Amino acid sequence: MPVLWQQLYASRAEGMRASDIREILKVTAQPEVISLAGGLPAPELFPIDEYRRAFEWVLEADGASALQYGPSEGYRPLREFLAQRLSGFGMRCTADDVLITNGSQQALDLMGKLFLDPGDQIVVERPTYLGALQAFNQYQPRYAVVGMDDDGMCVDDLEHTLTREDRIKFIYAIPTFQNPTGRSMSLQRRRRLVELASKYGVPIVEDDPYGELRYEGEHLPTLKALDTTGCVIYLGTFSKILAPGLRLGWIVAAPEALEAFLHGKQPTDLHTGMAQQMATYEVCKNGFVDGQVERIKAFYKERRDVMLRALEEHFPSDAHFTRPAGGLFVWAELPRTVDTRALLIDAVRDKVAFVPGQGFHPDNTGTNTMRLNFSNVPPDQLREGVRRLGHAIQRRLDTASESRVGI
Numbered sequence: 001m002p003v004l005w006q007q008l009y010a011s012r013a014e015g016m017r018a019s020d021i022r023e024i025l026k027v028t029a030q031p032e033v034i035s036l037a038g039g040l041p042a043p044e045l046f047p048i049d050e051y052r053r054a055f056e057w058v059l060e061a062d063g064a065s066a067l068q069y070g071p072s073e074g075y076r077p078l079r080e081f082l083a084q085r086l087s088g089f090g091m092r093c094t095a096d097d098v099l100i101t102n103g104s105q106q107a108l109d110l111m112g113k114l115f116l117d118p119g120d121q122i123v124v125e126r127p128t129y130l131g132a133l134q135a136f137n138q139y140q141p142r143y144a145v146v147g148m149d150d151d152g153m154c155v156d157d158l159e160h161t162l163t164r165e166d167r168i169k170f171i172y173a174i175p176t177f178q179n180p181t182g183r184s185m186s187l188q189r190r191r192r193l194v195e196l197a198s199k200y201g202v203p204i205v206e207d208d209p210y211g212e213l214r215y216e217g218e219h220l221p222t223l224k225a226l227d228t229t230g231c232v233i234y235l236g237t238f239s240k241i242l243a244p245g246l247r248l249g250w251i252v253a254a255p256e257a258l259e260a261f262l263h264g265k266q267p268t269d270l271h272t273g274m275a276q277q278m279a280t281y282e283v284c285k286n287g288f289v290d291g292q293v294e295r296i297k298a299f300y301k302e303r304r305d306v307m308l309r310a311l312e313e314h315f316p317s318d319a320h321f322t323r324p325a326g327g328l329f330v331w332a333e334l335p336r337t338v339d340t341r342a343l344l345i346d347a348v349r350d351k352v353a354f355v356p357g358q359g360f361h362p363d364n365t366g367t368n369t370m371r372l373n374f375s376n377v378p379p380d381q382l383r384e385g386v387r388r389l390g391h392a393i394q395r396r397l398d399t400a401s402e403s404r405v406g407i
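Under our numbering, read the sequence shown as residues 1 to 407, first letter to last.
These aren't lab readings, by the way, just hints derived from the structure by calculation. Model, not experiment: these values are computed from the prediction. Where hints are given, some of them may not hold.
As the list claims (entries may be wrong) - Derived SDA-like pairs (lysine to any residue); straight-line CA-CA distance at most 20 angstroms: (1) 301 - 381; (2) 113 - 214; (3) 113 - 95; (4) 285 - 11; (5) 26 - 268; (6) 297 - 325; (7) 351 - 383; (8) 113 - 81; (9) 351 - 384; (10) 113 - 38; (11) 301 - 45; (12) 351 - 387; (13) 297 - 380; (14) 297 - 243; (15) 285 - 26; (16) 297 - 48; (17) 297 - 214; (18) 297 - 85; (19) 285 - 113; (20) 351 - 376; (21) 297 - 316; (22) 351 - 33; (23) 351 - 301; (24) 26 - 245; (25) 113 - 345; (26) 285 - 65; (27) 113 - 202; (28) 26 - 309; (29) 297 - 218; (30) 285 - 53; (31) 199 - 156; (32) 285 - 51.
Modelling step: build the complete structure from the supplied sequences, incorporating the hints.
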């Protein structure tokens with residue numbers, strides 16, 4: 001008798017679905033497709049030579065430690081480096097406040113693992129990061145959705161949510177260059193958000209993968225830097241400033257919460273790989289990362305500007321798109337008659353791809369929205385990709401117009 005696998009899965013397996021982005025990237029692997037879909041860093045910026053030298057030094061100087069099991073908390077010199085760097089950004093912490101994770105995606109999974117029972121609620125922005133929803137969904141939560149505008153989460157609506165809804169376990173926010181919209185929360189709203197979290201005793205999970213990638217405007221403090229009561233759990237990553245393939249992220253949290261995250265991490269992976277932690281510390285310890293961030297910012301600013309000019313030229317006049325001051329993404333809203341999931345099929349035929357926006361909405365709204373990435377596409381391909389996409393949109397609009405005339 002064959003095994004009936006679906007009858008054996010736990011109920012939480014219903015929340016484990018393929019990532020829309022990962023599935024789209026499979027389709028766009030063809031070299032002739034210009035992909036504006038993934039949030040991939042530009043490989044031209046990877047510090048390959050620095051890592052080659054660092055791994056050689058680590059293996060020669062202390063290869064046994066690099067290849068051995070390590071502490072679950074992470075490699076202490078790397079944690080000390082991170083604590084010093086984050087303290088320079090106003091987040092007062094020591095190495096004992098830092099837990100190294102296998103990318104910030106593992107940190108998101110730990111949030112669900114630690115906090116969520118089936119039916120518990122998470123407050124999220126609309127839209128929000130698809131990968132976070134994917135991490136949380138396996139723990140069977142509900143979502144209390146708070147809208148956004150160009151100044152980020154509409155925090156004035158949040159207090160009503162906190163008083164009306166039950167079983168809210170945490171607020172998930174990406175206040176700086178948000179994925180998918182590229183928007184940043186204003187300083188006034190940041191302060192109000194931290195104030196409300198403290199008032200109602202609801203922690204904030206601040207996801208900050210893009211915070212250093214500012215191309216214009218004034219630096220804004222993280223929510224963690226504004227936190228005086230320990231209500232903010234801060235997530236960071238090396239993926240956008242060094243290399244995503246190393247899978248190195250971190251959590252900064254109050255001691256009692258950090259200990260619980262440590263206990264949640266241990267049965268999953270025992271520890272994050274020592275070799276990549278030790279090599280990353282060698283790359284970072286003498287100030288390399290500051291210069292690396294400056295190179296990345298100049299590189300991505302050019303690509304952002306190219307995309308924005310192309311969108312102004314090729315998108316319909318009644319489309320709206322964000323003009324992010326940093327990060328990796330532009331968010332576009334098309335006329336309501338355009339379903340971007342259907343549009344994607346047309347666009348791929350035209351050899352261009354994007355991520356439809358509906359998947360970033362836990363309430364299944366946003367059918368006319370899309371996320372566009374500019375970091376991993378050369379300027380000439382950005383211009384051509386946006387041109388192709390603009391033509392595909394216009395064909396959809398023309399078809400819809402003809403249908404209305406026919407009626």
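Here's how the hints hold up against the structure:
1. A hinted pair counts as satisfied when its Cα atoms are at most 20 angstroms apart, and residue 301 with residue 381 qualifies at roughly 16 angstroms.
2. Proximity of residue 113 to residue 214 is assessed by CA-CA distance (about 32 angstroms); at most 20 angstroms being required, the pair is judged violated.
3. Of the supplied pair hints, the one linking residue 113 and residue 95 is violated, its CA atoms being roughly 24 angstroms apart against a limit of 20 angstroms.
4. A threshold of 20 angstroms between alpha carbons decides the hint, and for residue 285 with residue 11 the separation of about 46 angstroms lies outside it, so the pair is violated.
5. Distance check on the hinted pair: residue 26 and residue 268 sit about 27 angstroms apart at the alpha-carbon level, beyond 20 angstroms; violated.
6. For the hint linking residue 297 to residue 325, the alpha-carbon distance of about 11 angstroms falls within 20 angstroms, and the restraint holds.
7. Only pairs whose Cα atoms come within 20 angstroms are accepted, and residue 351 paired with residue 383 is accepted, the gap being roughly 13 angstroms.
8. Annotation: proposed proximity of residue 113 to residue 81 is violated, straight-line Cα distance about 28 angstroms (limit 20 angstroms).
9. Between residue 351 and residue 384 the CA atoms are separated by roughly 10 angstroms; this keeps the pair inside 20 angstroms, and the hint holds.
10. With a CA separation close to 26 angstroms, the supplied pair residue 113 and residue 38 exceeds the 20 angstroms bound.
11. Distance hint between residue 301 and residue 45 is fulfilled; the C-alpha atoms sit about 14 angstroms from each other, no more than 20 angstroms.
12. Taken as a hint, the residue 351 and residue 387 pair is honoured in the structure, with Cα atoms around 11 angstroms apart against an allowance of 20 angstroms.
13. Distance hint between residue 297 and residue 380 is fulfilled; the C-alpha atoms sit about 19 angstroms from each other, no more than 20 angstroms.
14. With a C-alpha separation of about 15 angstroms, the suggested pair residue 297 and residue 243 falls inside the 20 angstroms cut-off, and the hint holds.
15. At roughly 37 angstroms between alpha-carbon atoms, residue 285 and residue 26 are farther apart than 20 angstroms, so this suggested pair is violated.
16. For the suggested pair residue 297 and residue 48, the alpha carbons sit about 18 angstroms apart, so the restraint of at most 20 angstroms is met.
17. Between the alpha carbons of residue 297 and residue 214 the distance comes to roughly 7 angstroms, so the proposed pair stays at or under 20 angstroms and holds.
18. A C-alpha spacing of about 18 angstroms is found between residue 297 and residue 85, which places the hinted pair at or below 20 angstroms, so the restraint holds.
19. Our distance criterion of 20 angstroms between C-alpha atoms is broken by residue 285 and residue 113, whose separation comes to about 33 angstroms.
20. For the hint pairing residue 351 with residue 376, the CA-to-CA distance comes to about 16 angstroms; that is within 20 angstroms, so the pair holds.
21. Taken as a hint, the residue 297 and residue 316 pair is broken in the structure, with Cα atoms around 29 angstroms apart against an allowance of 20 angstroms.
22. For the suggested pair residue 351 and residue 33, the alpha carbons sit about 4 angstroms apart, so the restraint of at most 20 angstroms is met.
23. Our distance criterion of 20 angstroms between C-alpha atoms is broken by residue 351 and residue 301, whose separation comes to about 25 angstroms.
24. Distance check on the hinted pair: residue 26 and residue 245 sit about 18 angstroms apart at the alpha-carbon level, within 20 angstroms; holds.
25. Restraint check for residue 113 and residue 345: the C-alpha separation of about 36 angstroms exceeds 20 angstroms, so the hint is violated.
26. Between the alpha carbons of residue 285 and residue 65 the distance comes to roughly 18 angstroms, so the proposed pair stays at or under 20 angstroms and holds.
27. Distance hint between residue 113 and residue 202 is fulfilled; the C-alpha atoms sit about 17 angstroms from each other, no more than 20 angstroms.
28. Between residue 26 and residue 309 the CA atoms are separated by roughly 28 angstroms; this puts the pair beyond 20 angstroms, and the hint is violated.
29. For a cut-off of 20 angstroms, the pair hint linking residue 297 to residue 218 stands: about 14 angstroms separates their Cα positions.
30. For a cut-off of 20 angstroms, the pair hint linking residue 285 to residue 53 stands: about 14 angstroms separates their Cα positions.
31. Between residue 199 and residue 156, the direct Cα distance comes to roughly 14 angstroms. Compliance with the 20 angstroms bound is thereby established for this hinted pair.
32. Proximity of residue 285 to residue 51 is assessed by CA-CA distance (about 13 angstroms); at most 20 angstroms being required, the pair is judged to hold.
Checked against the numbered hints given earlier, the structure breaks hints 2, 3, 4, 5, 8, 10, 15, 19, 21, 23, 25 and 28 and satisfies all the rest.
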